[in-house]
Amino acid sequence: SVLLYQKPNRDICQSGTSLKIQCVADSQVVSMFWYQQFQEQSLMLMATANEGSEATYESGFTKDKFPISRPNLTFSTLTVNNARPGDSSIYFCSSRDRGLEQYFGPGTRLTVL
Amino acid sequence: QQQVRQSPQSLTVWEGETAILNCSYENSAFDYFPWYQQFPGEGPALLIAIRSVSDKKEDGGFTIFFNKREKNLSLHIKDSQPGDSATYFCAASKGNNNNRIFFGDGTQLVVKP
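Going down the list, the sequences are from chains D and E.
As numbered in my numbering, the first sequence has no gaps in its residue numbers, which increase by one up to the final residue, 113.
As numbered in my numbering, the second sequence has no gaps in its residue numbers, which increase by one up to the final residue, 1113.
For reference, chain D alone in the conformation it holds in the complex:
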């Protein structure tokens, strides 16, 4: 299995500001995924990030709004630019080990005022 750690676990920011969420894996993983979850709703895949290459974004998510970095095989950051109240949600990083099993971090709860 893969253990994922996220920092911060929660954040409150003002509209128009940017914030960064960090994700660290306890072992090297090829792909890291970022998900968005609104209160008691399903998990929306935002993007897939492989080491050393540009992240691939899903429909509705853009690089300008949610830039993702993946500098090495254990680390990734998600930035939320020009944050708006509609971005208030929980952000999860996720990854797979060598098999099919996919694991999730504890999440970062973001509130935008």
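It cannot be assumed that every hint is accurate.
Listing some non-contacts, in silico: residues in chain E with all C-beta distances to chain D over 12 Å [as the list claims (entries may be wrong)]:
(1) L1011
(2) T1012
(3) V1013
(4) W1014
(5) N1022
(6) S1024
(7) L1046
(8) F1066
(9) R1069
(10) E1070
(11) N1072
(12) D1079
(13) A1091
(14) F1103
(15) P1113
Restraint-style ranges between C-beta atoms, simulated for each label pair [unchecked claim]:
(16) Q41/D / A1029/E: 43 to 53 Å
(17) L3/D / E1017/E: 27 to 37 Å
(18) V30/D / A1029/E: 19 to 29 Å
(19) P71/D / E1017/E: 46 to 56 Å
(20) N50/D / S1010/E: 35 to 45 Å
(21) M44/D / G1060/E: 25 to 35 Å
(22) S59/D / F1065/E: 26 to 36 Å
(23) F38/D / R1005/E: 12 to 22 Å
(24) S53/D / E1070/E: 33 to 43 Å
The set of hints was computed from the structure by calculation and includes no laboratory data.
Every residue, glycine too, gets a C-beta built ideally from N, C-alpha and C.
With chain D fixed as given, assemble chain E onto it according to the hints.
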């Protein structure tokens, strides 16, 4: 088009009863079906998974019944306990480490003592 559907949206059972959560999928190429359990304030945790070559998978009090022809599956939680109260997500993917996982909208389970 939603790839994975779950029902019911919410379910309440009494302690000791068997909770049955349903899931159906669109793509007949899916062959890996994990279920995730999510408690409030936590990330989703992989609970149990089945491959399409099997029609049943058991792990402790959790059992998946899978019907490939009908493209549906169900999660049975035997002898439900209040501690099983959580949101359960059904997911599906093609059995390749490179393929994304599609999530259903979840079933919110409440087990009353």
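> Which hints, by number, does the structure contradict?
Replying inline: 7, 13, 14, 16
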